[in-house]
Amino acid sequence: MSLLELRDVKVHFPVRAGIVTNRTVGHVYAVDGVSLSVEAGRTYGLVGESGCGKTTLGRAVLRLVDVTAGEVVLDGTDLATLPAEEMRRFRRRLQMVFQDPLGSLNPRQNIESILAEGMTAHGIGTSNEDRHRRILAILDKVGLPANALSRYPHEFSGGQRQRIGIARALVLEPDVLICDEPVSALDVSIQAQVVNLLEELQDSMGLTYVVIAHDLAVVRHISDVVGVMYLGSLVEEAPSDVLYAAPRHPYTRALMSAVPIPDPDVEDSRERILLTGDLPSPANPPAGCRFHTRCPWKRETRCATERPEMRELADGHRVACHFAEEIAQESPGEITDGNRENLAKSPRA
Amino acid sequence: MSDLDKKQSAPESAAVSEPTALVPGTAEETFLSVRDLKIHFDTDDGLVKSVDGVSFDVRRGKTLGIVGESGSGKSVTSLGIMGLHQKAKVSGEVWLDGENLVTADPDHVRRLRGRKMAMIFQDPLSALHPYYTVGAQITEAYRVHHPVGKKEAKARAVEMLDRVGIPEPAKRFSSYPHEFSGGMRQRAMIAMSLVNNPELLIADEPTTALDVTVQAQILDLIRDLQKEFGSAVIMITHDLGVVAEMADDLLVMYGGRCVERGSAEKVFYEPQHPYTWGLLGSMPRIDREETDRLIPVKGSPPSLINVPDGCAFNPRCPYADVPKDNLTRTVRPELREVGSGHFSACHMSQEERTRIWTEEIAPKL
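If you read the sequences in order, they're chains F and C.
Per numbering that gives the first Met the number 0: the first sequence = residues 0 to 348.
Per numbering that gives the first Met the number 0: the second sequence = residues 0 to 364.
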């Protein structure tokens, strides 16, 4: 059974104008109908470009922003409609790791106080000694020395700060960890340390992750299932290896082909699907398929008028495109070792 | 060029490395030669050796990639070439088309800046002035170096905006930077850098702030423009994927020093420095089904005030104990040639490194 389930979640932010009247003149459709489920003990990767709504979705799960419509079901309880006080208690089970570790740690609190604060708030541990013991155990797990406790955030390097951020989430014994760009602020060699740490913690503590990131290579490495978002909705979802071997949505394919690979020979032989233009504004999303304004495979009328639903192509592989099968036949476009040469050129590029 | 040759045969340059005619017989195409460049900053906490003896060449029409982590000195190197450090102690030689910029008159360097060499910065929003329109800024950059009227300069600016792929350039000429999206801003900055047809373009993390699909557009643009104008390009990045795509030659920096240098093929396929191995092992790759753990480099980058004795990488190097007599901790390794135009600064013998790379590292990547 899936531990966390999102059903048609929408987060719309009103756009207000006028000094006296303060009318709502429109909405930013940050998240516009996302359904997905996360299995216990697995990792769900959410990728997409800036402005696609992936961070808002992550925050909506924690109710850090209000959910406009839809259900967020954790272990059978719908969080979207939960009263505030009950939600506060539920939040222990859902914790977040933020992108900027320095910005999310109070510079005037030492590490012990940062870690103990959440425990006190949620009534974890019977006494200060007990909490201290638990904190030490977690510090050891995330690979920080015990003498870190009396130090302050600025005394640590970026990678260590991110370990503190992870420790702060873990002391509350959560079920689900929502990691919003957990490694994108870190150097490459440090990134790998934190990615490995997250994987080790999952193995030893049975954690469930939702990893939000724009780096497709990192997401592929860490996730079991990956969902691709574009302009507020999911366009494709599949088990990690399937998605990367055989992306079916035109946007996913463009996104994958744009990721540079650290290997000059591979780079030389790769064709790139170049997208034209920029992401449309989420306040005024295009009618029909949201991607049709930039899609190299766009077909007359249907793409511009009818919004494609997510439909299942194969076991666990869902895609929101009217013509996914036809496009796949025309130009296989799979990024695997075998057929890299065959990767078809974009009709427009 | 005769001037340059004389300088290069001076003993201290020869110790660093022979001038790199990477392909024999093409040395005359070398447009920029940096020799033993040192950029030190005097701070209250001590002397920060941001760049500590770096040498390289860039050829016309070719791209040199400089990779390294934050604090490795890659950006400081580029600012040093441009002569943009006012409070730093700069020593060494920077030969741009036969002129040594380090000893040249600052006014003269200022006239070269923008015309002969130009720079693209990482964050276009802070590099563009928020108070002036994009067009005004590009026009200004052009008129500083060309004695032309406003009209002519505007025509040139619009032409450049068009060239970098900004739709409706005549209309966008009067937009402010905040009205542009991230990708458009980066295009506008490229237009500004290229308005004087510079022969050397330094791109400092030009796509780090951008999404991958926009990054692909910008890299494509830089490559097209390079082909068109035949400029030499220095591409500074931490993303090995970007350099694999763009660079002909590669320079790997660590702790203010160059640890490996060579053609992109050599550095990617026969890397000869443990730090380069570490970088390659740390990068998850999108085209691999590998589910094994990544191989990170342990520890964190050194402080540039207290660069470790000996090899700067020794506290993090898994092979620090391979060379005898504690050599890695006491003696700073020199860059040594390990193949044609391929240099590495490591105390291990070439046989040892080749064995470790082929037997231990490469199979796990």
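Think of the hints as simulated: they come from the structure by calculation, not from any bench.
Everything numeric in this text was worked out from a predicted model, so none of it was measured.
Misleading hints may appear alongside valid ones.
In silico SDA-like cross-links for lysine to any residue, where the CA-CA straight-line distance does not exceed 25 Å [stated by the list, open to error]:
(1) LYS297(C) to MET204(F)
(2) LYS226(C) to SER268(F)
(3) LYS140(F) to LYS297(C)
(4) LYS140(F) to PRO314(C)
(5) LYS61(C) to ASP264(F)
(6) LYS170(C) to PRO279(F)
(7) LYS170(C) to ALA282(F)
(8) LYS297(C) to GLU4(F)
(9) LYS363(C) to LEU200(F)
(10) LYS226(C) to GLN98(F)
(11) LYS297(C) to ASP277(F)
(12) LYS297(C) to LEU200(F)
(13) LYS170(C) to ASP277(F)
(14) LYS170(C) to SER239(F)
(15) LYS297(C) to THR275(F)
(16) LYS297(F) to GLU167(C)
(17) LYS363(C) to ASP202(F)
(18) LYS297(C) to GLN98(F)
(19) LYS226(C) to GLU199(F)
(20) LYS170(C) to MET204(F)
(21) LYS297(C) to GLY142(F)
(22) LYS226(C) to ASP264(F)
(23) LYS297(F) to ASP219(C)
(24) LYS226(C) to ALA244(F)
(25) LYS297(C) to PRO144(F)
(26) LYS297(C) to PRO279(F)
(27) LYS363(C) to SER239(F)
(28) LYS297(C) to GLU198(F)
(29) LYS363(C) to ASP214(F)
(30) LYS297(C) to GLU199(F)
(31) LYS363(C) to LEU196(F)
(32) LYS363(C) to GLU198(F)
(33) LYS297(C) to VAL24(F)
(34) LYS363(C) to THR275(F)
(35) LYS297(C) to LEU196(F)
(36) LYS149(C) to ARG162(C)
(37) LYS37(C) to ARG331(C)
(38) LYS363(C) to ASP277(F)
(39) LYS363(C) to THR292(F)
(40) LYS363(C) to GLU199(F)
**OP:** Report the numbers of all earlier hints that the structure fails to satisfy, in ascending order.
**Re:** 8, 10, 11, 14, 15, 19, 20, 24, 26, 33, 34, 38 and 39
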